[in-house]
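Colleague: All chains, please: the whole structure from these sequences, using the hints.
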Amino acid sequence: MEDEASLLRRYRSDRRKLLEFLLSSPGATAASLSHIDFDHLSADYVLDCLVSGGVVDVSEASKKYLHQLKHPLMTHSQSGSSYFLLTDPELAGSPPRRAPPPIDVKQTIEKESRSSNGKYDATVEDDYGLKYRVTTTMQSNTGEHVEVPPLGLPNLHIGLSDDDLRESAYEILLSSIVTSGVEVYKVEDKKKEKNAKFLLGLKNKKDKTHTQSHCLDRHSQLIRTIRIQMQISEAMDVCIRRRLQLPTRRTCGKTDIPQISLGLLNSIFKSDFLHEKSYMQWKNRQAGILEELLHNSANLAASEHLTIKRSLAKIRNAKEWDMTMSPSERVEVLSTIKHVALKLSSLPGQFGIENETYYWTAGYHLNVRLYEKLLLCMFDILDEGQLVEEADEILMLIKMTWSTLGITQKIHNAIFGWVLFQQFVQTDEAKLLEWATIELQKVSSVEDDDKERNYIDSLLCLRPSGCNEVKLSLIQAIFFSIGTWCDSKLQDYHLHFSQQPGNFKRVMTLVSTLGIPTSDDYDDIKFTSFSVSKEASANIIKSYVEKTIETAYRRVASTIDLESKVERKHPLCLLANELKLIVEREIKVFYPVLQHWYPESGMVIAMRLHQIYGERLKTFLNGLSCLSEDVKSVLPAADSLDHDLTKLYTTAGGANNQDLHHYPIGEVVKPIILDWVIAQHSRILEWTGRAFDLEDWEPLSLQQRQAASVVEVFRIIEETVDQLFGLNLPMDITHIQALLSIIFHTLDAYLVKMLNQLVEKNHLYPSAPPLTRYKETSMPIMKKKLIESILLDDNVINKLSRLTVSKLCVRLNTLKYIEKQINILEDGIKKSWALVRKSNNDNWVEKEPNEITSGEEVDELFATTFDIIRDASFNGISEICDLIGPRVVFWDLRDAFISSLYRGSVELARFESVLPHVDTVLDHVCGLIDDTLRDRVILSIYQASLEGFAWVLLDGGPSRAFSDSDIILMEDDLAMLKELFIADGEGLPGSLVEQEAKFAEQVLGLYSVQTETIIQMLMTASEQISLGLESHDNDHMHVVNVHTLIRVLCHKKDREASLFLKTQYHLPMSSEYEDIPSKDSTSASPLISDLLKRSTSFHWNKKSQSSFNSFKKKLQEATSEIRGVGW
1 MEDEASLLRR YRSDRRKLLE FLLSSPGATA ASLSHIDFDH LSADYVLDCL VSGGVVDVSE
61 ASKKYLHQLK HPLMTHSQSG SSYFLLTDPE LAGSPPRRAP PPIDVKQTIE KESRSSNGKY
121 DATVEDDYGL KYRVTTTMQS NTGEHVEVPP LGLPNLHIGL SDDDLRESAY EILLSSIVTS
181 GVEVYKVEDK KKEKNAKFLL GLKNKKDKTH TQSHCLDRHS QLIRTIRIQM QISEAMDVCI
241 RRRLQLPTRR TCGKTDIPQI SLGLLNSIFK SDFLHEKSYM QWKNRQAGIL EELLHNSANL
301 AASEHLTIKR SLAKIRNAKE WDMTMSPSER VEVLSTIKHV ALKLSSLPGQ FGIENETYYW
361 TAGYHLNVRL YEKLLLCMFD ILDEGQLVEE ADEILMLIKM TWSTLGITQK IHNAIFGWVL
421 FQQFVQTDEA KLLEWATIEL QKVSSVEDDD KERNYIDSLL CLRPSGCNEV KLSLIQAIFF
481 SIGTWCDSKL QDYHLHFSQQ PGNFKRVMTL VSTLGIPTSD DYDDIKFTSF SVSKEASANI
541 IKSYVEKTIE TAYRRVASTI DLESKVERKH PLCLLANELK LIVEREIKVF YPVLQHWYPE
601 SGMVIAMRLH QIYGERLKTF LNGLSCLSED VKSVLPAADS LDHDLTKLYT TAGGANNQDL
661 HHYPIGEVVK PIILDWVIAQ HSRILEWTGR AFDLEDWEPL SLQQRQAASV VEVFRIIEET
721 VDQLFGLNLP MDITHIQALL SIIFHTLDAY LVKMLNQLVE KNHLYPSAPP LTRYKETSMP
781 IMKKKLIESI LLDDNVINKL SRLTVSKLCV RLNTLKYIEK QINILEDGIK KSWALVRKSN
841 NDNWVEKEPN EITSGEEVDE LFATTFDIIR DASFNGISEI CDLIGPRVVF WDLRDAFISS
901 LYRGSVELAR FESVLPHVDT VLDHVCGLID DTLRDRVILS IYQASLEGFA WVLLDGGPSR
961 AFSDSDIILM EDDLAMLKEL FIADGEGLPG SLVEQEAKFA EQVLGLYSVQ TETIIQMLMT
1021 ASEQISLGLE SHDNDHMHVV NVHTLIRVLC HKKDREASLF LKTQYHLPMS SEYEDIPSKD
1081 STSASPLISD LLKRSTSFHW NKKSQSSFNS FKKKLQEATS EIRGVGW
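Under full-length UniProt numbering, residues 1 to 1127 are what the sequence shown spells out, in order.
Worth flagging that the hints you see were computed from the coordinates, not collected in a lab.
Hints are supplied without guarantee of correctness; some may be wrong.
[As the list claims (entries may be wrong)] Straight line, CA to CA, 27 angstroms or less: simulated BS3-like cross-link-like pairs of lysine-lysine:
1. Lys314 with Lys17
2. Lys471 with Lys526
3. Lys670 with Lys830
4. Lys489 with Lys442
5. Lys277 with Lys319
6. Lys753 with Lys820
7. Lys761 with Lys998
8. Lys64 with Lys277
9. Lys442 with Lys471
10. Lys647 with Lys547
11. Lys542 with Lys588
12. Lys632 with Lys618
13. Lys569 with Lys632
14. Lys831 with Lys647
15. Lys431 with Lys442
16. Lys632 with Lys647
17. Lys399 with Lys451
18. Lys647 with Lys830
19. Lys1053 with Lys775
20. Lys1053 with Lys998
21. Lys534 with Lys442
22. Lys807 with Lys753
23. Lys343 with Lys309
24. Lys309 with Lys277
25. Lys542 with Lys526
26. Lys565 with Lys632
27. Lys489 with Lys542
28. Lys399 with Lys431
Fair warning: this is a prediction, and the values are worked out from it, not measured in the lab.
Modeller: Here's what the structure looks like:
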């Protein structure tokens, strides 16, 4: 309440001075100021009148003031208008729950809660990336702000205010500068008296210009800066400098405060002031200074005391001093006071220091206060946390007052450090604390002799210690006040240094310089220095650590239950998270500083917090049986806290964890996690089966060409993986094995279902036609033989109807998607598992003996599981690629390609008619298939096209026979087919196309060979079979074999070939058969099926086929068998 009253008085005083200054300016037009009540004038009205150049009506200003009282007070700024409530805000309801942001802190509000006592909590993040709790209340938070204890200087006997001390300090500074020979008043200064810069700024008179004939010298500029900083009016400054110039020079270089005041009283009169009130305040201040230094002196007789008292009373009496007394009488009064002052000034100094005067010790309590005011002018009045640019030069001028105020280098360092420290407390500017530490470190480094030491010890301050008051020297009092403030902050450093963690190190450095003030049983104050006794400093810091941790825990625990209800989380989860924040800040901010003086502080904190939380966690762990929501929230938080506590403990030098027993979270939760993983198995398989059954094998989108079911399957798997590792709980190889088992069975079941929907590609080939010889006949046959074939099973036909080219492409894309996703899934699980292992290893200093073996087992488990899935996917891609080509050529294009190409006549059934159909299929496939699979699928279609082309040449049936002239056309068709798949370089590689077409080219080459040569080749191949010398080439089709040569002779339009086949094999004529193709059919007999295997020759048994005749007999039997089934 005293501070509030003092601020209110100061506000009213400043307001009166401002209005008085405004109304006394040349631009203001108002009535006499002597009877104006400035407290009831509207400041806004006065300012508006001055800006507009109007006349100030005092009565109107009073009315405006009364009118404004009916409305809330407003402040206007660029950011908007604000108002102040007249009512108690606590009675108006709840304030906003969002905490206001602290200065220079990046805020990340994570949670807010309101406690029953009106507190609001929020978590914010600082520049270190660390989070901490900010607690604000509707009233001021006394825990955040700690007042700096005063020095305990003797009280002033008269009521000199801060403004009085500031103005007197400025006068003393000017007097000291004049005494040193510096010119402080020049002729040019008279012109400045007529200019009121403040009013000029308000009126914005553009037509008025201000020029200076020449620049002031550096001292004048510095004095002007000091005047502005000390808020001295320009008119008062000019008056003082003018009057000080001559009187002070007559002091022969030595002056004191009474002489300065007497000189000013003798030379400054009422007429020098613009209004009477300012003069009275100035005169009373000078009388107060004289009374403080002279009237209370113990070196004066009682009569002298009475003389001083009477003389000062005359000076204070305005009517007597300014109206009744003549100038000579006033001089006489001042001479009386001067006589006493000179008597005291002539007294020798107590300690024999150079330039020492009586007032050094008699008025030190005033001198120190005046010197503080001088040092404060070095701080920018607009930003008190910053020094002005001219601070160093200003300090040199301030040092001119040392002889007057009794300041030595050591005292200066101490007072300057004290002022810097006070400014730091008010502004929280870190640089000020660093500079204060430097100045206070100089105190101990400055060498002083016995005289100066005795002088400093005589400057006593009274400080409370226990029930008594202890006398301290000025420097000890400064150290005591700063040390007491630091001690109170360090008692709960988590609270006081959370928003500015960098200040913690600075305060610790300052404390190590000053020491911590302590009192013994006799209330004697001692300073415990960190550099003197390590044991004492360790004990002090240990007490700080223990008190801080206990206080921080109680502060957190007091709101946990309420926060639990608000956020609907278990209290132990919230408590663990809050304690984790405390530990993180200890690790990153506080412990790196504390370890220099007390390395074991980290272990003390870790063990204490571990014990506190462990007592509450133990009850929760008893009886856990399933992964409830509370378990999922509490145990990860507790495990994370345990990890951080272990880290802090080991960082602080804990070689082992014998004193820090880990929470038994792993032992309790491992069987529960395993049960949960196993329970997911059936659920995932059920979802996978349902997704597959609903699959229609259409692409998911234009960009995502895989099936929707596989995306769903991986979503379920990844969700399970995320849930498992999202528990953030300890796990071992058993859990990862169970997880991989689920993944394997899920994907394996999906692949098996997909591959079971395929059919064997042999079902796609048409029935093998009968072996005939070409024979033209003019006699019509009344009844031709029909080619019979075995129809496909209905199940196969149904499967083929669902295995369209589009759906096969989607299946291929799906398998490729599985290959890609399985790699991503494996990498993700490995990373998550590595984090789990790292967490486990970090929590345990002594690793388990089987840890390396366990790691190898896990790697092998990963490789086995995912390699099997990769192999299955790869094999599935190969199987579908092998199927898709025959599907296109031998099923979808059977009528356009297999049944129509070269039927009846080569010239009338060229490949040109087939080409558009193949081209359409290729465009369709390229638009559906994944880019990485395109070439494989196109190659499969190309291989099937070549196979279909060769099938027409060799197994075209009775309707196809080729003359020598037809070969050229067929070679052109083959070239056309190759160009289609090369696609001007955008398709398959040319070398691959040529290599795959070799067999078809060799077959065409056989048709160009003379019949006699082919017959001879057939006989030679038959003899090699009988001798067991047949060459088997399983990788490439071998054209010179019995099977191929016989079929070339069967389709050759050549009489000699027909005669050979009739004579040797008794083959029927081609004209005897009606060649009607059947789509849904397969081979008629196993023997003909064997003939379809053109990649190799017949695998004759050496014992049963020993000669060409035996082969001929076998072929004749096959022919008669074919005839027997309707040929």
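Colleague: Which hint numbers does the structure go against, in order from smallest to largest?
Modeller: none
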